[in-house]
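Quick note on the working numbering: the sequence shown kicks off at 2 and runs consecutively.
Some clues are possibly wrong.
[As the list claims (entries may be wrong)] Here are the simulated distance ranges between beta carbons:
| id | residue 1 | residue 2 | range |
| --- | --- | --- | --- |
| 1 | 22 | 59 | 18 to 24 Å |
| 2 | 59 | 29 | 30 to 36 Å |
| 3 | 108 | 18 | 30 to 36 Å |
| 4 | 109 | 14 | 30 to 36 Å |
| 5 | 57 | 32 | 21 to 27 Å |
| 6 | 36 | 57 | 27 to 33 Å |
| 7 | 107 | 80 | 18 to 24 Å |
| 8 | 32 | 65 | 32 to 38 Å |
| 9 | 82 | 55 | 30 to 36 Å |
| 10 | 96 | 23 | 18 to 24 Å |
| 11 | 89 | 32 | 17 to 23 Å |
No lab work stands behind these hints: they were computed from the structure.
In this text, a Cβ means the ideal position worked out from N, Cα and C, and glycines have one as well.
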Amino acid sequence: MVQASERRGLAVEPREIKHEDDINLRITWADGRLCRYRAVDLRRACPCAQCVNEWTGERMLRPEAISDDVTISDISVVGRYALNFRWSDGHETGIYSFRYLRDLCEAT
Numbered sequence: 002m003v004q005a006s007e008r009r010g011l012a013v014e015p016r017e018i019k020h021e022d023d024i025n026l027r028i029t030w031a032d033g034r035l036c037r038y039r040a041v042d043l044r045r046a047c048p049c050a051q052c053v054n055e056w057t058g059e060r061m062l063r064p065e066a067i068s069d070d071v072t073i074s075d076i077s078v079v080g081r082y083a084l085n086f087r088w089s090d091g092h093e094t095g096i097y098s099f100r101y102l103r104d105l106c107e108a109t
């Protein structure tokens, strides 16, 4: 049982976060899993209150409203648990927890 808990912890602990270029992000997790993210996919998955209704969980952001050409302008680490992106479309309020980023990776 302890080993399963440890694996879950390692699964959401990034070992390396690499902003490869304006449209690609790579995270290597402590458990060895390598995940690649495209800017447009991350932007369309923004978890902020503007993009997702806080009360219902309904996604308010329509994917087609985000240009396929959106890029990552900047990335900052939030505490020890998340990333915040500044996007080329000016949006910057989403806080992407490491758990959320790992879940996005596993869903693809």
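Hints, one by one, checked against the model:
1. 22 x 59: 18 to 24 Å: violated (33 Å)
2. 59 x 29: 30 to 36 Å: holds (33 Å)
3. 108 x 18: 30 to 36 Å: The hint (30 to 36 Å, Cβ to Cβ) is violated, given that residue 108 and residue 18 are roughly 19 Å apart.
4. 109 x 14: 30 to 36 Å: The hint (30 to 36 Å, Cβ to Cβ) is violated, given that residue 109 and residue 14 are roughly 20 Å apart.
5. 57 x 32: 21 to 27 Å: With Cβ atoms ~33 Å apart, the hint is violated.
6. 36 x 57: 27 to 33 Å: The hint (27 to 33 Å, Cβ to Cβ) holds, given that residue 36 and residue 57 are roughly 28 Å apart.
7. 107 x 80: 18 to 24 Å: holds (22 Å)
8. 32 x 65: 32 to 38 Å: Cβ of residue 32 to Cβ of residue 65: about 35 Å, so the range 32 to 38 Å holds.
9. 82 x 55: 30 to 36 Å: Given range 30 to 36 Å: violated, Cβ gap about 19 Å.
10. 96 x 23: 18 to 24 Å: At 21 Å between Cβs, range holds.
11. 89 x 32: 17 to 23 Å: violated (32 Å)
Consistency with the previously given hints fails for numbers 1, 3, 4, 5, 9 and 11, ordered from lowest to highest.
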